[in-house]
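Protein chains: 2
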Amino acid sequence: MSVDELRVWAPEGLREITPGDDLVALLVDLLVDDARAHPDRALADGDLLVLTSKVVSKAEGRVVAADDREQAITAETVRVVATREHATGVTRIVENRLGLVMAAAGVDASNTPEGTVLLLPLDPDASARALRAGIAAAFGVRVGVLMTDTAGRPWRDGVTDIAIGAAGVRVLDDLRGESDSFGRPLTMTVTAVADEVAAAAELVKGKAAGRPLAVVRGLAQHVTDEDGPGARVLVRVGEQDMFRQGSAEAYAQGWKDALGERPSSS
Amino acid sequence: MSVDELRVWAPEGLREITPGDDLVALLVDLLVDDARAHPDRALADGDLLVLTSKVVSKAEGRVVAADDREQAITAETVRVVATREHATGVTRIVENRLGLVMAAAGVDASNTPEGTVLLLPLDPDASARALRAGIAAAFGVRVGVLMTDTAGRPWRDGVTDIAIGAAGVRVLDDLRGESDSFGRPLTMTVTAVADEVAAAAELVKGKAAGRPLAVVRGLAQHVTDEDGPGARVLVRVGEQDMFRQGSAEAYAQGWKDALGERPSSS
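So the sequence lines, in the order shown, correspond to chains A and B.
When we follow the working numbering, the leftmost residue of the first sequence carries the number 1, and every step to the right adds one.
When we follow the working numbering, the leftmost residue of the second sequence carries the number 1, and every step to the right adds one.
Treat the hints as calculated values from the structure; they're not laboratory data.
Among these hints, one or two may not hold up.
As the list claims (entries may be wrong) - Here are the simulated distance ranges between beta carbons:
1. B:220 x A:20: 38 to 44 Å
2. B:68 x A:88: 48 to 54 Å
3. B:36 x A:114: 51 to 57 Å
4. A:178 x B:38: 44 to 50 Å
5. B:226 x A:12: 47 to 53 Å
6. B:224 x A:259: 51 to 57 Å
7. A:12 x B:184: 18 to 24 Å
8. B:229 x A:237: 33 to 39 Å
9. B:38 x A:22: 37 to 43 Å
10. A:115 x B:174: 24 to 30 Å
Claimed, not checked - Part of the chain A face toward chain B, derived, beta carbon under 10 Å:
11. 80
12. 84
13. 109
14. 196
15. 236
The structure displayed is predicted, hence computed values, not measured ones.
All C-beta atoms, glycine included, are put in the ideal place defined by N, C-alpha and C.
Work the whole structure out from these sequences, hints included.
If you want it as structure tokens, here you go:
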């Protein structure tokens, strides 16, 4: 389906979030205020709301003392994927309890009060569903909601935002069965729409600007009636994951297993 | 820096590109026609043009017979990263001559005439510079240009668009030195702006719609006077790449080397 035009904006004015805040109510207020200043931005059916997950973590009180950072990373870790030593310590790239492979399990020290670090939200998909329901109740419109975080990736420098929570969004757009411009079936293409939307939103929200929410207009074809399976379906797991271990870790394991399997007496 | 609003659109009407076409002239015509129909879209200083690299490949005649596909992949390959057997053959994930790690080296069978496959452009950064110069000559405005392709990534399902060529764009936005909302320095963050823009543009261009060019407005702060180093700087190489080999390949290499280092007689 064709998109005529995509528009992305990030309302200003959300105050610093603290544990116990009613985040959905604050976001509704933010959107009401923004629409008052910009009438053409009044929330409409088919809009997407893209929220930096960090504010959800803050509302949930997912803050720990920076001294407990390494312990917190361990607690969030399901499986270590790779480690790297550097001047100030060891970076652990791990699969966390959300299935996300991230440096330090997604535990983050930026945009948090001095001496603290933030963990990822408990259940970003649930948070997305709650925000979606709150928007429907307040505005009577059907929107999609994404929760985002910033992540590195293999082979490419620089970080991008990805979707770690979703409600009411077709996170994967399966084009298999549609045709290309020569009428041949597109056999291979499943687009990670939610990650592309997260990236587009980051360009507007930024990292330092204090605008954790973006509204994306023009993608109503990806907004669904049902909440759907959430961002969890973006996670590739098990045998499908050809980069389940860092190269150095896999190499070392192979070496070790070879010596174990074939003792020197054989 | 704050972005007030991001807008992305994809002009319709570019005809199918064939070898030898003057692609820059055709794109200039497309933008002139689009601005006639939509006066508010007239190209402006600070706009970004995001072009699917496939049309560059077509203009360059980078087409080979589908029967020669495997051979073409081999020719484009610098290094095999991982392989996977499946029902219809073996998928090779390789580093290609542009430094990109991609399935089948980026050789693609969609949106090409029956019986053919397309290779990536010879030099996407050079193509981006040529388009940028052509736009400056035709419109007298300073724009940024990105060339994109679609790629898979480890750990996440679905494909996204990435930047494989760039001119006049700050492809990596280094925020180290700026401050977060608590006044603490952002020490870790280098954002892959060019990949986020590529992703945003894909949401509008789509895969089947026949609109390979998108205009992105609102990111003038990332448009530079100089052409800059291109998209090549997004490629992470050598020791920095912790996922230089697939896990299975690295494991097998470790096993083999262990037995080589410690022969059974030792």
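Going through the hints against the structure:
Checked against the hint of 38 to 44 Å, the pair residue 220 (chain B) and residue 20 (chain A) passes, with Cβ atoms roughly 40 Å apart. Between residue 68 (chain B) and residue 88 (chain A) the CB atoms are about 51 Å apart, so this pair conforms to the stated range of 48 to 54 Å. Between residue 36 (chain B) and residue 114 (chain A), the C-beta spacing of about 56 Å keeps the proposed range 51 to 57 Å intact. Between residue 178 (chain A) and residue 38 (chain B) the C-beta distance comes to about 27 Å, which lies outside the given range of 44 to 50 Å.
Checked against the hint of 47 to 53 Å, the pair residue 226 (chain B) and residue 12 (chain A) fails, with Cβ atoms roughly 32 Å apart. For residue 224 (chain B) paired with residue 259 (chain A), a C-beta distance near 53 Å keeps the hint of 51 to 57 Å intact. Checking the proposed 18 to 24 Å range against residue 12 (chain A) and residue 184 (chain B) shows it holds: the Cβ atoms sit about 21 Å from each other. Between residue 229 (chain B) and residue 237 (chain A) the C-beta distance comes to about 36 Å, which sits within the given range of 33 to 39 Å.
Between residue 38 (chain B) and residue 22 (chain A), the C-beta spacing of about 42 Å keeps the proposed range 37 to 43 Å intact. One distance hint, 24 to 30 Å for the beta-carbon pair residue 115 (chain A) and residue 174 (chain B), holds here, with the actual separation near 26 Å. With a cut of 10 Å, the hint placing residue 80 (chain A) at the interface with chain B is violated, because the nearest CB-to-CB distance is about 12 Å. Hint status for residue 84 (chain A) relative to chain B: holds, with the closest Cβ pair at about 6 Å, below 10 Å.
Interface hint status for residue 109 (chain A): upheld, as the beta-carbon distance to the closest one in chain B is roughly 8 Å, under 10 Å. Interface restraint check: residue 196 (chain A) against chain B, minimum CB-CB distance 4 Å, threshold 10 Å, status holds. A distance limit of 10 Å between C-beta atoms decides the matter here; for residue 236 (chain A) the minimum to chain B is near 5 Å, and the interface restraint holds.
Hints 4, 5, 11 from the earlier list are contradicted by this structure; the remaining hints agree with it.
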